[in-house]
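Read off the chains here:
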Amino acid sequence: MSQSYNRGLIEDFGRWKEFSAGMWAWIFHKFTGWMLIGYLFTHIAVLSTAIGAAQGETMMLASEQVDVYTGTIQGLESLFIIRVLEVGLLAVAVFHILNGLRLLMVDLGIGLTAQDKSFYASLILTGVITVASVPTFLTGVGL
Amino acid sequence: MYEHDVIVVGAGGAGLRAAIAANEAGADTAIVSKLHPVRSHTGAAEGGINAALQEGDDWELHAYDTMKGSDYLGDAPAVETLAQDAREDTMRLEHWGMPFSREEDGRVSQRPFGGLSYPRTTYAGAETGHHLLHTMYEQVVKRGIQVYDEWYVMNLATSDEDDPNDRECHGVVAYDVQSGQIEGFKANNGVVLATGGPGQAFDHTTNAVSCTGDGHAMAYRAGAPLEDMEFIQFHPTSLPSTGVLISEGVRGEGGILFNNEGERFMFEYGYANNSGELASRDVVARAELTEVDEGRGVDDEYVHLDMRHLGEERILDRLENILHLAEDFEGVDGLVEPMPVKPGQHYAMGGIETDENGQTCINGLYAAGECACVSVHGGNRLGGNALPELIVFGKRAGRHAAGEDLGDPEIRTGYGDDVEDETETDLPVQPGAAGLERSGGVAADGGVAADAEGALERAVERERDRVDRLMNKDSGVQHAEIRSKLQQAMTDYVNVFRTEAGVKKALKIIRECREEYQDVYVDDPSTTFNTDLQQTYETRNLIDVAETIALGALVRNEFRGAHWRQENQIRDDENWLKHTLVSWDDGEPSIFYRPVILEGEEKTYEPKERSY
Amino acid sequence: MSTQQQEPETQEAPEDPEMKGTQSPQERRLEEKESGLTEDADSAGDLEGETVHLKVFRYDPEVEGKQEPRFDDFHVPFEKGMTVLDAVMYARDEYDSSLTFRHSCRQAVCGSDAFFVNGKQRLGCKTQIVELEQPVRIEPLPHQEVVKDLVVDMDHFYDQMHAVEPYFQDEETPAAADLEEQRQSPENREKIKMSSRCIWCGACMSSCNIAAGDNEYLGPAAINKAYKFAMDDRESEAIKEHRLRILEQEHGVWRCQTQFSCTEVCPKDIPLTEHIQELKREAVKKNLKFW
Amino acid sequence: MAERYSSFTPGGTGWLLQRLTAAFLVVVLAFHFFQLHFVNHAADVTFMGTQARMENIGYFLAMVLFLIAGTFHGVNGVYNALVNQGLTGTPKKVVLGVLIIASVALIAQGIWVALAMSGMIY
Ligand SMILES: Cc1cc2nc3c(=O)[nH]c(=O)nc-3n(C[C@H](O)[C@H](O)[C@H](O)COP(=O)(O)OP(=O)(O)OC[C@H]3O[C@@H](n4cnc5c(N)ncnc54)[C@H](O)[C@@H]3O)c2cc1C
Ligand code: HEM
Ligand code: SF4
Ligand code: F3S
Ligand code: FES
Chain A
1 MSQSYNRGLI EDFGRWKEFS AGMWAWIFHK FTGWMLIGYL FTHIAVLSTA
51 IGAAQGETMM LASEQVDVYT GTIQGLESLF IIRVLEVGLL AVAVFHILNG
101 LRLLMVDLGI GLTAQDKSFY ASLILTGVIT VASVPTFLTG VGL
Chain B
1 MYEHDVIVVG AGGAGLRAAI AANEAGADTA IVSKLHPVRS HTGAAEGGIN
51 AALQEGDDWE LHAYDTMKGS DYLGDAPAVE TLAQDAREDT MRLEHWGMPF
101 SREEDGRVSQ RPFGGLSYPR TTYAGAETGH HLLHTMYEQV VKRGIQVYDE
151 WYVMNLATSD EDDPNDRECH GVVAYDVQSG QIEGFKANNG VVLATGGPGQ
201 AFDHTTNAVS CTGDGHAMAY RAGAPLEDME FIQFHPTSLP STGVLISEGV
251 RGEGGILFNN EGERFMFEYG YANNSGELAS RDVVARAELT EVDEGRGVDD
301 EYVHLDMRHL GEERILDRLE NILHLAEDFE GVDGLVEPMP VKPGQHYAMG
351 GIETDENGQT CINGLYAAGE CACVSVHGGN RLGGNALPEL IVFGKRAGRH
401 AAGEDLGDPE IRTGYGDDVE DETETDLPVQ PGAAGLERSG GVAADGGVAA
451 DAEGALERAV ERERDRVDRL MNKDSGVQHA EIRSKLQQAM TDYVNVFRTE
501 AGVKKALKII RECREEYQDV YVDDPSTTFN TDLQQTYETR NLIDVAETIA
551 LGALVRNEFR GAHWRQENQI RDDENWLKHT LVSWDDGEPS IFYRPVILEG
601 EEKTYEPKER SY
Chain C
1 MSTQQQEPET QEAPEDPEMK GTQSPQERRL EEKESGLTED ADSAGDLEGE
51 TVHLKVFRYD PEVEGKQEPR FDDFHVPFEK GMTVLDAVMY ARDEYDSSLT
101 FRHSCRQAVC GSDAFFVNGK QRLGCKTQIV ELEQPVRIEP LPHQEVVKDL
151 VVDMDHFYDQ MHAVEPYFQD EETPAAADLE EQRQSPENRE KIKMSSRCIW
201 CGACMSSCNI AAGDNEYLGP AAINKAYKFA MDDRESEAIK EHRLRILEQE
251 HGVWRCQTQF SCTEVCPKDI PLTEHIQELK REAVKKNLKF W
Chain D
1 MAERYSSFTP GGTGWLLQRL TAAFLVVVLA FHFFQLHFVN HAADVTFMGT
51 QARMENIGYF LAMVLFLIAG TFHGVNGVYN ALVNQGLTGT PKKVVLGVLI
101 IASVALIAQG IWVALAMSGM IY
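Protein chains in written order, with the numbering used here: chain A, 1 to 143; chain B, 1 to 612; chain C, 1 to 291; chain D, 1 to 122.
I should point out that these hints are in silico values taken from the structure, not numbers from a laboratory.
A virtual CB, placed ideally from N, CA and C, is assigned to each residue, including glycine.
Errors might be hidden in some of the hints.
To be verified - Partial pick of chain C residues on the chain D-facing surface, computed with a CB cut under 8 Å:
id, residue
1, 178
2, 179
3, 257
4, 283
One chain only, chain A, in its complex shape (with noise of 0.2 Å):
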């Protein structure tokens, strides 16, 4: 007699349709932060090479003796691979940041009226710069 029906996830995710833009915005700046945070780990770590480099260690790269710092980035910004997920680091930087500035601004209390125009201004915007950036985040790649 107490008992009662829970509906569950469904409500959550499957109603994804239903969302509003506010609710949107909040997925995409979680989605983007923890992007973010997993790359500041996965950088740091490609960057430590730097401590070997300034010990000394080399590595061969395109037949060239280098030091492993310089071989390890030189080599990964060499794979079209690479570049593409760079662009796609910045899209989700750019997101991130044009998105956080609009937080900033909702907690400020300016501009609670227009927070969703803000937010698709905050979509186009990322698209418009990533495309624009499209050209020098591929220039010299090697394929």
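Add chains B, C and D with the ligands to chain A, keeping to what the hints say.
Below, chains B, C and D with the ligands alone, put in the same frame as chain A:
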């Protein structure tokens, strides 16, 4: 079984105030309500609370206005108590944090209202009732008063002496809507009924779906008389599809009423050549219905209230909320089309007969708020006088029930040597009878209840049986059918216009409903949140209440306040300065009258022509 | 399962109650109803064009066939001005009296009938049918347990409302008997005006993903309730500080991730997010004083 | 209910720091991106170049602060997100512990890297 000192039934303004007062007086108090407190219909009140607060105003003026408004059918001790106590009790609300509208100097604002000689309607925006209700619920939370919400009170447990005046109320039987459990609630000191209005007896009302007159019917069946039930206030401008109220403000700002031929009928047909649309509520309501009856209504149902000529700017500035109401509840844009309106039942002046302390003739049974009749409103309630009634008499009932001494009441209750029996009117049906069960506490074997617990147990058993019967019966009539038939009859024949033949017809239909109700069944087999069962109970209460309204309307052959009779369209002070009382004793209602008390503390109120 | 209804079904009298053995009358009735409904489905379509198609969530823990939630179809004749509440009331009164939902005032003040209508929390009585796409899908509020049909368990919501000490606190009020009020400027009254309009419908709480994830989060309605008191100048500074302390505990204002869905669904147009943000800033300001 | 009020936790501190670090990050992150993707292309990064930049004490400090702020901001963000989803009790304490250890490790490693880059240690 649950046990408390004071049990308050209902959690609207009156119930909450009673509970707070009883709690403050030291009683262990509980509220039992079929709705969560904040859902009560008090939240719908907009206008305000009358209280003589300002310098230059005086409670005596308030009393005078109220008496005049009541068409001299209010009892002076009650009217004066209201006017005196409203001041302090309104202030108390302010101290409890109620967000009243304010003047520049920080004092509470007051505005003029119909029928008042001084601007004394204290208000909180256009949602005074909402704030009043929430403020008092907050105080209930603060005091930790136990609230049994979504418990439907089915009946009272009273002792079963022959004379209602000797009976005692020991508690109530209630039904937990969530679980279907039926339990007794024992009240050591008293039961306060605060169940609100009976608006659902009518087809078209500004009242909530939950306003089904349960308290009226329970008290009535337990032997407490219902007083002045024929006095029903109809509001001329409610939206046809839902009954939502369009405030007088629209007409105040210059809104115009048109019939289907585009005629400004208030003037065109001479209903009110001076004040037109701004004539008093009953005049406008009658005019609208005449238009419809004579075939000039829109869709044969309503008339048009037009405010477009006021201009968008003015409308947005002063009447913005009206635009929202029309849009949300009727789908009409008041800026581009006229709004449909028709008269709707709005308020019941009558109710359970009580004295100034809120007590009925049954010992330990109290009533307060719209379900009670002290009586302050008499034949007609002034706008803004219901909310102060809730807090003033709710408080008194709560305190008295908790055992505080408030002095001897001047108003008498119940059948006694000061009443006069009804003898003249020819009643088309013998009221009552029709094989319905007897009242709450009367033992089936007619024996005297041994003690409180026994009375309560028997009452609980009786309700359990009744529920079993309704649930196990699997064919018959459904309550909704009976309810709509009843509502239709009341709106057709006991509405704004009342004729002897019409009211008699209504009584016959009510009798039919009563008979059909013998065959009612509940289709929903569940014990979880069975609203079907609850509404079946409510419908039965509505039948009882509707019958008393119609009986009152039949016997009172005069025109007073909101009650209009075709056969005698004048106020007949010679014969009718008296209250109508209908009491149900053992299923056989009797009708009697009690004279109005016009002698106040210091002066006597002389009946004067009610003209504004 | 889908049941289409056109006519109020007429209940046949049971042939012989004794023969049915252990079956209770309720069960039998239900069976009859089920079969009756499927037959009725064939005659659907007559009123097409002027009827409203509702898909209503049904569940009852006790009734066979309803224990597994389902949607029922109802076709309700349309009338001008019809609201979602009018439509479900019609369906209940004419087709299936066991259809269960809370409702009372029909004018957006009692807060009983917040439903999830076409994917959004709305008050049934305040939503015009014509504004909705058909079929109109009506479900109980998300993120609350369903008691039956459209009725959800509100206890948690009430607990959160009560948790913020939702009552005026000030010892130094003048005596009521002196008819002396506490002064409040019209500006201050205006400041708390919107926050005081809440009708406890629970729509906001239901729409908030954070409240769904963190059961202890006070939620927008309760925070707004506290805002009403915290911003009211009639309460003293000390009490305001006490209120901020309640609000800034872990599951208080900081939980809000400014999703704005509460603000979007509130039928009383209360700027909830704005109020929550203002309280966050107030709390930070107060804490800065500590350092 | 009562226990909710029992202890006074300045819950606003974390929130405020999250905002402050965010504001700081906007500036340094933009600078960082600009430096390493537009002014110098990432593909041309060499140890020499990095060392040259890192030997500038201002740049060095900025990068270390960038790291600390970023780590705090990111890890605190993750922690909040988990708590928002209803993480409580022991798991919550465990997660907090793990996150703290991870961020301390990250910052330590990062500083070591930075020192190596700037040529201060070998
Ligand atoms: C639209 C509108 C506007 C109004 N405006 C004004 C105004 O401006 N000024 C003014 O003074 N008056 C006004 N009134 C009148 C006034 O609001 C009402 O008379 C008053 O609110 C009634 O309060 P109450 O406490 O008696 O009942 P209600 O508020 O109706 O409460 C009844 C309570 O009883 C409970 N209950 C009922 N039956 C049972 C049962 N069987 N078991 C358990 N509980 C039960 C309900 O749950 C509810 O809690 C207005 C009325 C309406 C409809
Ligand atoms: C550059 C400018 C940045 C800005 C303006 C910014 C802004 C914000 C803000 C305001 C929040 C809080 C959201 C909330 O509580 O509602 C946040 C969360 C977060 N940020 Fe950033 N941020 C920036 C950079 C970064 C970086 C570099 C990282 C990674 C290291 C990062 C990782 C995160 C994470 C993980 C969260 C938590 C997300 C969640 O809620 O799940 N951010 N950011
Ligand atoms: S804040 Fe708005 S949505 Fe939330 S409960 Fe109150 S009225 Fe409903
Ligand atoms: S939806 Fe929830 S996250 Fe905040 S803004 Fe409203 S409370
Ligand atoms: S019925 Fe009261 S809010 Fe809708």
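Of the numbered hints stated earlier in the document, which are not met by this structure? 1 and 2
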